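Asker: The whole structure should be built from the sequences, with the hints applied where relevant.
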Amino acid sequence: MKKHKKIIVYCCVAAALLISIAGLLWKKYGQRSTRYQCTNFAMGTYIQQTVYGKNATAAASAAAKRIGELDSTISWRTDGSDIARLNKAAGTDWISIQPETASILKLSLDVAKETDGAFDPTILPISSMWDFGGNNQHVPSKANIQKFLKYVDYKDLRIDTSKNTASLRNHYMGIDLGAVGKGAACTDAVDAYRSTGAECGIIAVGGSIGMFGHKADGSPWDVAVRDPTVTDQNAAAMGELSLTSGYVSTSGTYELCFKQNGTLYHHLLNAKTGYPENNGLTSVTIVVNDGALSDALSTACFLLGREKSAPLLKKYNADAIFIDNNKHVYASANLKDKFTITNSKFVLQPQG
Amino acid sequence: MEKKAFCRKDLLIIIPVLIIAAIMFLGNYLQPPSAAVAIVEKNGTEFCRIDLQKQKSIQIINVGGPMNIKLKAEPGAISFYHSDCPDQICVRTGKISKPGQTAVCLPGKVSVRIVSRNASSGKTYDAFTG
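In the order they appear, the protein sequences are chains A and B. So the first sequence is residues 1 to 352, counted in our numbering. So the second sequence is residues 1 to 130, counted in our numbering.
To be clear, the hints were calculated from the coordinates, so they are not data collected in a lab. Owing to the predicted nature of the structure, the values given are computational and were not obtained by experimental measurement. Keep in mind that a hint or two might mislead.
[To be verified] If you anchor each label on the Cβ, the simulated ranges turn out as follows:
1. Glu74/B - Lys6/A: 50 to 60 Å
2. Ile58/B - Ser96/A: 49 to 59 Å
3. Tyr275/A - Asn68/B: 52 to 62 Å
4. Lys98/B - Lys336/A: 53 to 63 Å
5. Lys88/A - Arg92/B: 35 to 45 Å
6. Ile8/A - Ile23/B: 20 to 30 Å
7. Asn136/A - Lys70/B: 21 to 31 Å
[To be verified] Within a straight-line C-alpha distance of at most 30 Å, the following computed DSSO-like cross-link-like pairs (lysine-lysine) qualify:
8. Lys109/B - Lys338/A
9. Lys259/A - Lys109/B
10. Lys345/A - Lys98/B
11. Lys88/A - Lys163/A
12. Lys142/A - Lys163/A
13. Lys56/B - Lys65/A
[As the list claims (entries may be wrong)] Per the computed footprint, the stretches of chain A lying under chain B, defined by three or more beta-carbons under 8 Å from a beta-carbon of chain B, are:
14. 244–250
15. 322–336
All C-beta atoms, glycine included, are put in the ideal place defined by N, C-alpha and C.
Answerer: As structure tokens, then:
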């Protein structure tokens, strides 16, 4: 009898040890083997990806490759890109472009119409003078702004999405897709995750974010919303969004800006005036089901201001967080359970 | 005398074993929560990895590249020490030390991000918007 018992006890000891060792190994290697994080640079910004699943590495490199291709297709700075060719052909003929370029242009044009031209993809003549983030950023002369504002008009951009062609009606016109490119890159990345069979993943291209799938533990993605009052690059969070899918973009006065004679000039140019929009807002965050749209709407809603943005948000079924320079925060009703303020400097205002 | 699988005496062995197993588990969980590792990436590929808790002295790391970037690693923190880039955003970012923080030099294509050595510790976000 005694022998029997001893065997049982030994078995228990062995089992306990095995379980604890297996537990340690799982914690150390089991979860990590399926998670892949990487960073790279494209579209003039910093890209961070976190992808889960067996194909995580392949999915992340497929996404990076797609974004590189998109960059060389829609950047006006890249010689031979669709946009560079379109700008070069301004005032002459229609040119053929890739279907993706056509659909991004079409979306920009739609948003431009909805904002009555405050948001305008043909802003290049003005934005290239300001050169935010470039080597020659400065406040252009009033005379120059007046002179080149004449060449900014979305109505003179024509797109035929059935033939994938586009044209700019007048000489000196130019397209700048800076306000939609990063968001479009997020959509491309999510498509790449889907087609390579990743389990789930999240990508941040600058301040634009795309989410794919659900995290393995079932928890939502935690997306920090940047504190717009912190102007250095080391961003602090003012709140967090818990989301299960979709795209997020933020436009704020702190990014791509410079000071001249004590005045802060930021990159969110109103295409009607040619100057940075100063309407008391410091940042606008958009949550919607398309990357390029989230990016375009964050700029458009910033330019329109909170009240005037309401119809636009409704039309595209988008949710928004507006932060003004009194640190007052206004969030869409749909975000009530998804958005929490983590920095008590900011005060959530009742929604009107 | 009867066939009993367990008697009280056996518990004297089983309980200590369970306690040891529990301690091993907890020991793993309760690693210092600030275990931060800086990952330095150049052009999107990993350049080096620095365990900031093991860093005992100030060390200048030459990353190079078109902007001649130098980093400064010190106990618990890391920062951009030098860059030839025009905007100097990376240098102005200052020291970073907590998991989730990043410092980037866009013109130099060098990034430093802090990850937590122990995945379960601390609050980290999946992404930042803005």
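Asker: Evaluate each hint against the coordinates.
Answerer: To see whether the hints hold, each was checked on the structure:
no., hint, result
1, Glu74/B - Lys6/A: 50 to 60 Å, "57 Å, holds"
2, Ile58/B - Ser96/A: 49 to 59 Å, "58 Å, holds"
3, Tyr275/A - Asn68/B: 52 to 62 Å, "36 Å, violated"
4, Lys98/B - Lys336/A: 53 to 63 Å, "29 Å, violated"
5, Lys88/A - Arg92/B: 35 to 45 Å, "37 Å, holds"
6, Ile8/A - Ile23/B: 20 to 30 Å, "23 Å, holds"
7, Asn136/A - Lys70/B: 21 to 31 Å, "27 Å, holds"
8, Lys109/B - Lys338/A, "34 Å, violated"
9, Lys259/A - Lys109/B, "24 Å, holds"
10, Lys345/A - Lys98/B, "21 Å, holds"
11, Lys88/A - Lys163/A, "20 Å, holds"
12, Lys142/A - Lys163/A, "40 Å, violated"
13, Lys56/B - Lys65/A, "39 Å, violated"
14, 244–250, "holds (count 3)"
15, 322–336, "violated (count 0)"
The structure shown violates the earlier hints numbered 3, 4, 8, 12, 13, 15.
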